[in-house]
Amino acid sequence: MIEDHPRVGRLQKDAVTESIVLNMGPQHPSMHGVFHMQLELSGETILAARPVIGYLHRGIEKLAEHRTYAQCMVLVDRLDYISQYCNEWAYCRAIERLARIEVPERAEWLRTMYAELVRVTSHLMWFGSVGLDLGGWTPVIYAFIPRERIFDFFEATTGSRLMPNYLRFGGVKEDVDPAEMEALHAYLAKDLIDALDEFDGLVTGNEIFLSRQRGLAPMTVDQAHAWGVTGPMLRACGSTRDLRIDTPYGVYDRLDWESCTDTRGDALARYSVRMREMRESAKMALQCIERMPAGEVRTKVARVLRPPEGEVYVRHESTRGELGFHIVSDGSPKPYRFRVRSPAFMNVSSLPHLCAGAKISEFFAIFGGIDNVMAEIDR
Amino acid sequence: MGLIENAERPNFILTTIDTLLRWGRSHSLWWCNAGSACCSLEFAAMGGARYDMDRIGSGLVRASPRQSDVLLIPGPITKKMAPIFVRVYNQMPDPKWVIAMGSCAISGGAFRESYSMTRGADTVLPVDVYVPGCPVRPEALFYGLLKLRARVRGTSNIGLAHREPIYVPPDLPPEWEAEVREFLGEHEAC
Amino acid sequence: MNARIFLTQLLGALGLIVILGFNVIIMDWWERKLVGHIHRRPGPMHTGWHGILQPFADMLKMLSKEDIVPDRADRLFFWLGPAVAVVPAFMALAVLPLAPGFALADIGNGLFFVFAMQTIMPFGYTLIGWSGHNKWSLVGALRSAAQLISYEIPMLIVALGILLAAGSARLTDIVNAQSTVWYAVKQPIGLLIFFITAVAEMNRSPFDMPEAESELVAGIHTEYAGMKFGLVMMAEYTAMLVGSWMIVLLFLGGWHLWPLPPSPVWLVLKLYLVQSGIIWLRGTYLRLRVDTMMEMSWKYLIPASLANLMLVGVLATTFKGF
Amino acid sequence: MTVDLEAVAAAHSGRVDREGLDPAIVVPRETWRQLAQALSEAGVWFSDLTCVDRGETVEVVAQVCASASEQITLKTVLPNRDLTVDSLWPVWPGMDWLEREAYDMFGVSFVGHPDLTRILMFDGFEGYPLRKSFLLETEEKAS
Amino acid sequence: MFGQGLLKGLSVTGRRMLGKTECDMYPYRKRVLPPKSRIFLSMRATPDGKALCNACLTCQQGCPDNVIRIEQDPEDRKRAVSFRVNSGRCTFCGICEENCPRHALTFTQDFERATFDKGTLTYALIADGTATGACVIVERTEPEHPASAEGGEDVG
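Residue numbers (this note's numbering), protein chains in the order written: chain A, 1371 to 1749; chain B, 54 to 243; chain C, 32 to 353; chain D, 8 to 150; chain E, 342 to 497.
The reader is advised that the hints may include incorrect statements.
[Unchecked claim] Taking CB as the label site, the calculated pair distances span: (1) A:ASP1700 with E:ARG418: 46 to 56 Å; (2) B:PRO179 with A:GLU1660: 50 to 60 Å; (3) D:SER76 with B:PRO179: 53 to 63 Å; (4) E:ASN407 with A:PRO1618: 32 to 42 Å.
[Stated by the list, open to error] Subject to a maximum C-alpha distance of 30 Å in a straight line, what follows is the list of computed BS3-like cross-link-like pairs (lysine-lysine): (5) E:LYS377 with A:LYS1543; (6) E:LYS349 with E:LYS377; (7) B:LYS200 with E:LYS361; (8) E:LYS377 with A:LYS1670.
These are calculated hints, taken from the structure and not from any lab test. All values reported here derive from a predicted model rather than from experimental measurement. Just so it is clear, CB atoms sit at the ideal spot from N, CA and C, and this is done for glycine as well.
Just chain A, with the same shape it has in the complex (with noise of 0.2 Å):
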């Protein structure tokens, strides 16, 4: 019996009918990975819910702890499977701030065009599992026809579709072949945006989605405020808050995209957020590929880097939201305390508020609006 819990939703004590706790268990068609969520049901109603997480939970803040700064870029890659580049940029980022390294133009060009890639193939994998959650197969195959086609530019260029260990302190591994950037920028012009609207017409439109989605586990700016959600989340409740404009890196105010944002922040907006996220990167990835500039893509670092003694925290505009890596380092080779602020961990610790109340089927609408990978939760 889930105690009476302020955090986990009222508890009708008048319910006649006994209750019975459902476990969503780690092992779950629809569970997006290892997640597991104890629900409290009388009838199809959910009365409490309460998540427990820590199925994936490798140790990868200890085990960086064992290994040197350039070693850790294997295990970034690992923390949030689905956009690696985003992960390694952050990383990039903290570790160059500490150590003071210098970026060339052409490295900063590369590394926001290969963001913006893996934010598309993200939100793709995202839109096929809402597709999956709701019940409806056709989503994720038809979501995985343009992935595959972005994953051959990723092994191409970088070596694996998936794990790319690319970026280095000081820019890039190697420079990208035209020949790869011009059949991409082929693919990206035409055949993706043919892709996206057709997703659009087999589910945005779509009543039945519709009635699925609107109005559901609405959510205000100062409730996502209060439980650190941050990412497509947020900006769905009408604030403006995205680290790119915010704090601005790469080359984000070199090129013209505008941040989506909408205002009722309920399941709908969430989905129509991403969705026009997705076009938006491809556009910027166009233009990367357009205005990129010649020149040399990587600084000369020493091959061990020792950082100077001391602490850094950059926040990065990941997929999921805010991204932050909480370095601090004793001037030897491996980092000393290696944090990471995960988006998606904050954003599923609002789930039992937003489904409280709400119907098991239901449950998986919002559940997919909150595109979590366990792998970035549990670290």
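Dock chains B, C, D and E against chain A, hints included.
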């Protein structure tokens, strides 16, 4: 199929039935996805349009372990998750196989020394196929599935002693002994 | 004399079992192939020519799986559940004519016999769900009971409209009344409502709440392994066959294709076209929420079917040949 | 909306530590929640809370955002023998999981926290993994 | 109108249903993978079986998961007697290939290596002095371009 498994001498009828059953089993291996980390993305990509595992009959990812044949472990097994994997494996009906996908499932991979990780899936479950890679390419997993298919079709089941109904991991780590024992209690051999 | 009748009936029943088995094989393959092509992937390819032997492989595998009965399950109902789901659908086949007069029992009120059989199916699905002693299947069972019962009412009211127009409840008469103009043309609203309710009766997407994979693990048949699960799949495909056969008989003019001579080939063709349309729905739509599904039946479909019945009544009395 | 660090630090008998890359307000343990309360009323929202094990003391570090672009670090130092500090859950409800993780990894107990249990490790686990005193298997073999 | 979104969804899947499929038909048609793709760690060797590795242990110390195990020839420190790789533990990050001063290590695109027993995942690139079959035969002997060939102590 107790008849076939307990037969001593193969005769004509049993071998034909056995060949037929092996053909059927190998062509319809349904997955039970324990969906844990990065490799589960590549497994989902394998179900997608480009690699399409349904071509060889194993396109159905059954949600409930009762209706699946192959347990896929696409990622690390943490100590907190280990008893749940053992419970899912025990819930699967008998001719069942396990595929350890990726370095995390084979040997703990990048997180070998961590305090919360088991050193690979074979410390917890009897693994049939190891697929190296980090993450494993969809084609590599497809090749692993083809190898499992060839083995299922190749090994005859005549005289194969029936496996004991409940799998108990050899060196049961103390911290989750209660979980598996409690599960064993409620599921006597049937 | 009655020995001969008994023998013919027995042969007819065996023929029905062949039709049933044949349909399950065809549909199992055709569904995976069609959904595959909707997903721009080829579907079963390498087990026989274009995967045609895939259903046999599935059945052989399911035959040889360990048959698990959960410890605290209700053994009798666990075994009985799939039977209670398959037998009514199978018995409903006895009344459905393939050609004029060519039905195992072309009885006077064939229409109501089919609906009588369809009212037993909710018991089967609920038994399947309840007996597995699994919270998921329990929720699935409650959903399936609510859904099947509440979608039978609009189906019956629309069928009354057909009865009014055709004048007799014998299915062959209903089909012969459509020899020139189908009822789909005369009662388009009726066809739409009947199609929606038929899809809901078969638990097919977008109404597949009882076995909602993404929500309730595997819905009502979470605890079923091996051949019992095969039996539940057979029940599902048989219900689909009965539902689409009724659509073809009542609205699409059975074996009549107006300019061409009537023959059972048209009926089978239309049957598989309707079933492909139902699979097309599965490939396209997301699942409805449970309360919207209930609300849709009680607030929209029942009033619409009553309006349709009134409209047909008015038209049938004013125009003679309607 | 920039926050005047010196005034806030002085009000809570703390000091502003500027020699690092970012300014940080360091306050004693007692005024930790009042500092957070004052900042919260000034419209500051939180971003992160973690701990750093400095051997004989453990630093509790909170990152808060005064505005979309301006970010402040709050610190308090706890002696190793008794790691208790006021919980910030009443001020910012989102701190709930962050403090549970700090308890799970460092053993810092937060007074006033609604449900201080382990969040990442399984319940039967003893020890606090991210403390420097907690050695991995490879280190135990080596040392 | 109410049903407009539903019909649009049907038209999308209808068009796709009749269109052609996007499948690679993997076992029957094998796609040529890009040369930079890190799938199978291998070693460059000259046609007469001499690997380019001069046993400087840079890769062994640089690897985060100690996947590589090299035994140096006791008398000639510049020659490796055995070079074993445990691909069951490797995360394919490419640090070893990048750090190797003589550019001896390279990745090939052979992904068909699923096995039934874990032992075969540990393979040897150099066995008792000579390059094994897993190596890539190249014609030249000295490294491609004068890479930063400093010794093994400065390990990334």
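Tested hints:
Checked against the given bound of 46 to 56 Å, the beta carbons of A:ASP1700 and E:ARG418, roughly 34 Å apart, lie outside it. A C-beta distance of roughly 55 Å is found between B:PRO179 and A:GLU1660, which places it inside the suggested range of 50 to 60 Å. At about 56 Å, the CB distance of D:SER76 to B:PRO179 agrees with the hint of 53 to 63 Å. About 41 Å separates the C-beta atoms of E:ASN407 and A:PRO1618, a value consistent with the hinted range of 32 to 42 Å.
Annotation: proposed proximity of E:LYS377 to A:LYS1543 holds, straight-line Cα distance about 12 Å (limit 30 Å). Between E:LYS349 and E:LYS377 the alpha-carbon distance is near 42 Å, which puts this suggested pair outside the 30 Å criterion. Between B:LYS200 and E:LYS361, the direct Cα distance comes to roughly 29 Å. Compliance with the 30 Å bound is thereby established for this hinted pair. Between E:LYS377 and A:LYS1670 the alpha-carbon distance is near 23 Å, which keeps this suggested pair within the 30 Å criterion.
In summary, the structure is inconsistent with hints 1 and 6 from the numbered list given earlier, while agreeing with the others.
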